[in-house]
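K.L.:
Sequence:
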Amino acid sequence: MSASKWLNKVRWDEQGLVPVIAQEASSNDVLMFAWMNRDALTKTVELGEAVYWSRSRKKLWHKGEESGHIQKVVEIRLDCDEDVVLLKIEQVDSIACHTGRHSCFFQKFEGSVSDGDWQAVDPVLKDPETIYK
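Here the sequence shown stands for residues 43 to 175, numbered as in our numbering.
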């Protein structure tokens, strides 16, 4: 299958992006959510490491380029509607979140509609100040 054929199978949005979920292969923990464009997905396949599209910086973002917390790709899947990519990854140093936590999904809703709030339930593994000097 040519590169354009497998890339064309992905249903890119109007900005040329597709949502991506990064899931730890060993634990099945969902670590983060990000976006990819065609170049990011191509680079991810070429390198065997996660490369995303940074919407805020408007450029490719090789996960771990600043922090060292690289995501080694074990498997890439496309959902049934062909509009979401799942990366099964090995997270270097167990830190995926820029807050120094294992997962970006560290806040859990607790309570009811009237008195509920988000609670941080996962520990900071490394102070972000030491990660992003």
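Read the hints as simulated data drawn from the structure, not as lab findings. Hints may contain errors.
Each pair of labels, with its calculated beta carbon distance range [unchecked claim]:
#, residue 1, residue 2, range
1, L167, L89, 23 to 31 Å
2, V116, L49, 38 to 46 Å
3, F147, K114, 36 to 44 Å
4, E152, L120, 30 to 38 Å
5, W160, S46, 40 to 48 Å
6, L89, D123, 21 to 29 Å
7, S154, E88, 16 to 24 Å
8, P165, G110, 28 to 36 Å
9, K47, P165, 16 to 24 Å
Simulated crosslink set (BS3-like; lysine-lysine; CA at most 30 Å straight-line) [to be verified]:
#, residue 1, residue 2
10, K150, K168
11, K101, K47
12, K175, K100
13, K51, K175
14, K47, K150
15, K130, K101
16, K101, K85
17, K100, K130
18, K100, K114
19, K175, K47
20, K114, K130
21, K175, K150
22, K114, K175
23, K168, K114
24, K47, K168
25, K168, K85
26, K100, K168
27, K85, K150
28, K168, K51
29, K114, K101
30, K101, K51
31, K85, K51
32, K100, K51
33, K85, K47
34, K101, K168
35, K175, K130
36, K130, K168
37, K130, K85
38, K150, K130
39, K150, K114
40, K51, K114
We treat Cβ as the ideally placed atom computed from N, Cα and C, and that holds for glycine.
K.L.:
All the hints need checking, so say for each whether the structure fits it.
P.N.:
Here's how the hints hold up against the structure:
For the pair L167 and L89, the supplied restraint of 23 to 31 Å holds, since their beta-carbon distance comes to about 25 Å. At about 20 Å, the CB distance of V116 to L49 disagrees with the hint of 38 to 46 Å. In this structure, F147 and K114 break the distance hint of 36 to 44 Å, their C-beta atoms being roughly 20 Å apart. The supplied range of 30 to 38 Å is met by E152 and L120, whose beta-carbon atoms lie about 34 Å from each other.
Range check, W160 to S46: Cβ separation about 43 Å, and the 40 to 48 Å hint holds. The hint said 21 to 29 Å for the Cβ distance between L89 and D123, and at roughly 26 Å that hint holds. As the Cβ distance of S154 to E88 is approximately 48 Å, the hint placing it in 16 to 24 Å is violated. In this structure the supplied range 28 to 36 Å is violated for P165 paired with G110, their Cβ-Cβ distance being about 19 Å.
The hinted window of 16 to 24 Å between K47 and P165 is violated, with their beta carbons roughly 44 Å apart. A distance of roughly 20 Å separates the Cα atoms of K150 and K168; the hinted pair therefore holds under the 30 Å criterion. Taking the CA atoms of K101 and K47, the gap is about 24 Å. The hint holds against a cut of 30 Å. Taking the CA atoms of K175 and K100, the gap is near 22 Å; set against the 30 Å cutoff, the hint holds.
Restraint check: the Cα-Cα separation between K51 and K175 comes to about 40 Å, which exceeds 30 Å; the hinted pair is violated. Straight-line distance between C-alpha atoms of K47 and K150 comes to about 40 Å, which puts the hinted pair past the 30 Å bound. About 23 Å separates the Cα atoms of K130 and K101, which keeps this hinted pair within 30 Å; it holds. A threshold of 30 Å between alpha carbons decides the hint, and for K101 with K85 the separation of about 13 Å falls inside it, so the pair holds.
Between K100 and K130 the alpha-carbon distance is near 25 Å, which keeps this suggested pair within the 30 Å criterion. A threshold of 30 Å between alpha carbons decides the hint, and for K100 with K114 the separation of about 23 Å falls inside it, so the pair holds. Using a Cα cut-off of 30 Å, the hinted pair K175 and K47 is violated, with the two alpha carbons roughly 42 Å apart. At most 30 Å may separate the alpha-carbon atoms for a hinted pair to count; K114 and K130 meet this at roughly 9 Å.
A distance of roughly 29 Å separates the Cα atoms of K175 and K150; the hinted pair therefore holds under the 30 Å criterion. The straight-line distance between the Cα atoms of K114 and K175 is roughly 23 Å, inside the 30 Å bound, and the hint therefore holds. For the suggested pair K168 and K114, the alpha carbons sit about 20 Å apart, so the restraint of at most 30 Å is met. A threshold of 30 Å between alpha carbons decides the hint, and for K47 with K168 the separation of about 41 Å lies outside it, so the pair is violated.
The straight-line distance between the Cα atoms of K168 and K85 is roughly 28 Å, inside the 30 Å bound, and the hint therefore holds. A hinted pair counts as satisfied when its Cα atoms are at most 30 Å apart, and K100 with K168 qualifies at roughly 27 Å. Taking the CA atoms of K85 and K150, the gap is near 33 Å; set against the 30 Å cutoff, the hint is violated. Using a Cα cut-off of 30 Å, the hinted pair K168 and K51 is violated, with the two alpha carbons roughly 39 Å apart.
Distance restraint check for K114 and K101: the Cα-Cα separation of roughly 20 Å lies within the 30 Å cut-off, and the hinted pair is therefore satisfied. Taken as a hint, the K101 and K51 pair is honoured in the structure, with Cα atoms around 23 Å apart against an allowance of 30 Å. For the hint pairing K85 with K51, the CA-to-CA distance comes to about 17 Å; that is within 30 Å, so the pair holds. With a C-alpha separation of about 24 Å, the suggested pairing of K100 with K51 holds against the 30 Å cut-off.
Distance check on the hinted pair: K85 and K47 sit about 16 Å apart at the alpha-carbon level, within 30 Å; holds. With a CA separation close to 26 Å, the supplied pair K101 and K168 stays within the 30 Å bound. A hinted pair counts as satisfied when its Cα atoms are at most 30 Å apart, and K175 with K130 qualifies at roughly 29 Å. Of the pairs offered as hints, the one joining K130 and K168 holds, with about 23 Å between alpha carbons and a cut-off of 30 Å not exceeded.
Among the hinted pairs, K130 with K85 is consistent with the structure: their alpha-carbon atoms are about 16 Å apart, no more than 30 Å. Distance check on the hinted pair: K150 and K130 sit about 23 Å apart at the alpha-carbon level, within 30 Å; holds. Proximity of K150 to K114 is assessed by CA-CA distance (about 27 Å); at most 30 Å being required, the pair is judged to hold. With a C-alpha separation of about 23 Å, the suggested pairing of K51 with K114 holds against the 30 Å cut-off.
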